[in-house]
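Residues per chain are reported as follows:
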Amino acid sequence: MNWLDRLRSPRSEASTSAPAIRDTLLRWQALPPPDLDRPHFDARYVVINTAATGLDLERDRVLAIGAIIIDAGMIDPRQSIYVPVDENPADTLVEVLHFCGKLPRVVFNAGFNRMALERLWAQWLKIEPEALWLDLFWLLPAVFRPELDGPTRLAQWMTIFGIDTFQRHHALGDAWAIAQLFIALQGHATRLGAATARALAELERTRRQFTTPA
Amino acid sequence: MLTTAPELLARAGSDFLKHFAPFDRIEAEALAFVAQRAALGFHARGRTLLNPDMGQPRHLYIIRHGTVQVLQHVAGELSHLTLGPGACFPLDALLAQSPAAHTYIAQEDSFIYQLSADDFGQLLRISPVFHLFCTRHIAKLLGQARQQLQDAFAQRAAEQQTMTTPVGELLKRTPAWVSPDTTTQAALDQMAKLGIDCIAVCHADLQPVGMLTYGELLSRREPAAFDLAQPVAQIMRPAPCTLPASALAYDAALEMARQGVRHLLVTDTAGRLAGVLSEHDLFELQRIGLRQVRAGIEHATDIETLQQAALEIRQLALSLIAQGIGAEQLTRFISALNDALTQRIITLALTRHDLAGLDFAWLAFGSEGRHEQTLSTDQDNGLIFVRPESDDKDTSKLRLLAFARDVNQDLAACGFPLCKGNVMASNPELCLTPQQWRHRFGSWISEPDPQALLNASIFFDFRVLYGNASLGDHLRAWLNKTAKNNAAFRRMMAINALQVAPPLGRLRDFVVDDDGTLDLKKTGARLFVDAARIFALHTGVEASGTAQRLRQSAEKMGIPQTEVAAIVDGFHFIQSLRLRAQNLNTEHDAPGDNTLRPDTLNDLDRGILKEAFRQARKLQSRLRLDYQL
Numbered sequence: 001m002n003w004l005d006r007l008r009s010p011r012s013e014a015s016t017s018a019p020a021i022r023d024t025l026l027r028w029q030a031l032p033p034p035d036l037d038r039p040h041f042d043a044r045y046v047v048i049n050t051a052a053t054g055l056d057l058e059r060d061r062v063l064a065i066g067a068i069i070i071d072a073g074m075i076d077p078r079q080s081i082y083v084p085v086d087e088n089p090a091d092t093l094v095e096v097l098h099f100c101g102k103l104p105r106v107v108f109n110a111g112f113n114r115m116a117l118e119r120l121w122a123q124w125l126k127i128e129p130e131a132l133w134l135d136l137f138w139l140l141p142a143v144f145r146p147e148l149d150g151p152t153r154l155a156q157w158m159t160i161f162g163i164d165t166f167q168r169h170h171a172l173g174d175a176w177a178i179a180q181l182f183i184a185l186q187g188h189a190t191r192l193g194a195a196t197a198r199a200l201a202e203l204e205r206t207r208r209q210f211t212t213p214a
Numbered sequence: 001m002l003t004t005a006p007e008l009l010a011r012a013g014s015d016f017l018k019h020f021a022p023f024d025r026i027e028a029e030a031l032a033f034v035a036q037r038a039a040l041g042f043h044a045r046g047r048t049l050l051n052p053d054m055g056q057p058r059h060l061y062i063i064r065h066g067t068v069q070v071l072q073h074v075a076g077e078l079s080h081l082t083l084g085p086g087a088c089f090p091l092d093a094l095l096a097q098s099p100a101a102h103t104y105i106a107q108e109d110s111f112i113y114q115l116s117a118d119d120f121g122q123l124l125r126i127s128p129v130f131h132l133f134c135t136r137h138i139a140k141l142l143g144q145a146r147q148q149l150q151d152a153f154a155q156r157a158a159e160q161q162t163m164t165t166p167v168g169e170l171l172k173r174t175p176a177w178v179s180p181d182t183t184t185q186a187a188l189d190q191m192a193k194l195g196i197d198c199i200a201v202c203h204a205d206l207q208p209v210g211m212l213t214y215g216e217l218l219s220r221r222e223p224a225a226f227d228l229a230q231p232v233a234q235i236m237r238p239a240p241c242t243l244p245a246s247a248l249a250y251d252a253a254l255e256m257a258r259q260g261v262r263h264l265l266v267t268d269t270a271g272r273l274a275g276v277l278s279e280h281d282l283f284e285l286q287r288i289g290l291r292q293v294r295a296g297i298e299h300a301t302d303i304e305t306l307q308q309a310a311l312e313i314r315q316l317a318l319s320l321i322a323q324g325i326g327a328e329q330l331t332r333f334i335s336a337l338n339d340a341l342t343q344r345i346i347t348l349a350l351t352r353h354d355l356a357g358l359d360f361a362w363l364a365f366g367s368e369g370r371h372e373q374t375l376s377t378d379q380d381n382g383l384i385f386v387r388p389e390s391d392d393k394d395t396s397k398l399r400l401l402a403f404a405r406d407v408n409q410d411l412a413a414c415g416f417p418l419c420k421g422n423v424m425a426s427n428p429e430l431c432l433t434p435q436q437w438r439h440r441f442g443s444w445i446s447e448p449d450p451q452a453l454l455n456a457s458i459f460f461d462f463r464v465l466y467g468n469a470s471l472g473d474h475l476r477a478w479l480n481k482t483a484k485n486n487a488a489f490r491r492m493m494a495i496n497a498l499q500v501a502p503p504l505g506r507l508r509d510f511v512v513d514d515d516g517t518l519d520l521k522k523t524g525a526r527l528f529v530d531a532a533r534i535f536a537l538h539t540g541v542e543a544s545g546t547a548q549r550l551r552q553s554a555e556k557m558g559i560p561q562t563e564v565a566a567i568v569d570g571f572h573f574i575q576s577l578r579l580r581a582q583n584l585n586t587e588h589d590a591p592g593d594n595t596l597r598p599d600t601l602n603d604l605d606r607g608i609l610k611e612a613f614r615q616a617r618k619l620q621s622r623l624r625l626d627y628q629l
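Line order of the protein sequences matches chains A and B.
No gaps in the numbering here: position 31 of the first sequence is 31 in my numbering, and each next residue is one more.
No gaps in the numbering here: position 324 of the second sequence is 324 in my numbering, and each next residue is one more.
Derived by calculation from the structure, the hints in this document are not laboratory data.
If you're wondering where the values come from, they're calculated on a predicted model, not measured in any experiment.
Cβ coordinates follow ideal geometry from the N, Cα and C atoms, glycine included.
Don't take every hint at face value.
In silico contact screen, one side only, chain A against chain B (beta carbon under 8 Å); selected entries [as the list claims (entries may be wrong)]:
1. M74
2. T165
3. Q180
4. I183
Please model the complete structure; the sequences and the hints are all you need to start from.
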């Protein structure tokens, strides 16, 4: 069953079949796949982050989503969104999807953020948008602290780089910190030879295998 | 209302920027403009952001986190300057629309904002404060003039700089204006009452629509035919020439020449009338140039004219400070003009005192001797003379002392207070023959007690201001030889110099007095001056200026020029802070003249001041090493 079939399915909720939403989804679907082999200085990424009531996927609820485009290694305040996730968030979720396009998605802790977002999209838009996800949880130590006992928390990385943000544990506040970490990572990863999204994905995969027991 | 993401991120940017000049005083809209449009990038350590080969820079950079090293090539010499958070660059290149003059390299991993050149241009237009900051302060901050400007060149530069004053600062009175429906008679009456020859015609919201000048009226073909009861709108010059307040005096002069007018209307950012600028205002600006002041001094025939000249020197110095000219050039200016003034006073005194046949020279000591006069200097002078063979009753000395008393009084009348320590030529102890001076210096060198060391610090910085220069040269040569051969004396001087440490704190940035101030002379400039004097005596350098002493002795001691350049920059920065603290209204040598509250500085200046004190510390460790202290 492809995603259009799902949209047509009689079980889908009213909001997903609203014409505006369907239109946006169709346009999103028609976007060309991202070029994963562009060097960072010429590529676009989207940093995406959620704020939730907690970190338990089963019990906790996403409250807000923040996202910032990284264009050629730069953070431009004008290319960002911040939306609350309310009781009936189909409109919001489609807006986020539209904003992210098919750009490689950068998160910190995919285990929660990616899963939470994919669940929301599946639940409310009935789709599973294909995309490349990059997780700084793995990539930062891979580039900056090759030894295995490095820092794990966002706050620790922020301290190391002297990064601050206007509000911690805020979907956009943390997204901004993550975006800064990501541009720093791009700068150093390029020197290590990981100059493209594909190379970063490969670096992340190796790191996971290396450090996660089989 | 929900705040949008771009607003939140822009606020994060402005919250950071507003701690640094000029964003700490920029208009709110201009700050928002920058924060909304500046994109944040990352530059890994060692990466070159800009260099002269990259062509015109396409962005203004503002450091958020990290440091950038600026490599400057001036006169074949390489020097460094480190920029920290809040610093903007390359303002000079962006303003001139030319390639960057220097190379900018990330010294550590740095997060740096960039604003496109177009947005930079827009910012200049919407923000008079930013415009002012760019045209005035950047030359000082980044330039850190390494060049030893020749006096002639500096003079020209000073005159040109005067013309870079924004016209907004030249306006003298609140703008006089009338509305278009005022009768011409009433407008003329008002002009006569105010004693002005040009009046602006504005709507009630101060938007100018025209102006009326006497010249305009008189040039009408049939003045008699005009009915003075007609509204002024009928006769005014419509579509008047206007200039924004941030335009430079240059622009105004150009515009007047181009339009063939004698008056311009100056408007604020909202296009409202801010004032009327006349050609005369521009002439007045140029009048107070170095050349004019100097000519004024040279042609003065009485003390009253010289008093006026002394005042003009201070005004000139203040306007140069305001324009951000470097401390080195500025102190040399002040010294050069004060020299001319003193020489003129001496020349005038010589018409009243017959010293014919006497071989003598007027000596300047202390800061004047070092060419480092600030606006706050009292007199430090003396005389050296050759006693004629026939003179057995000291009559020549008595004649010289009478003459010196006159000169000292005249200098005091021109604003140089009499020296409290009586270091003046009229003091018989300081009117000596070469043999006596050598004996005096020699006794300090052989028995360096605290008083002798203090004396050495004042008198060893002597220079001939008037008279037979070779008397001074011989004394200098003798002094250098004697001091060079007496390591014990230099060691005592070094111990003395090390008694004051730079006011750098371990925990806080600066060690300040109870009232939150620090003394830029005692714990700042002095540290450089004292060390330089010892180096000069050690290496036999004859220069009496601190910067020259440091440069020339470093060459002999094998210290890299880049290192010396950083030290000299430190000294000049402290000197420029001293100059900034002094102003026209304070007396010479007022107690507050050299004190500074570091917490009133912006972060960039604080950073530079800290670096300047570090350079002083470096200089002191060098002394410690040389003399094993």
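Verification of the hints:
no.: 1; hint: M74; verdict: holds, 4 Å
no.: 2; hint: T165; verdict: holds, 7 Å
no.: 3; hint: Q180; verdict: holds, 6 Å
no.: 4; hint: I183; verdict: holds, 4 Å
Going down the numbered hints, you'll see the structure goes against none, and every one checks out.
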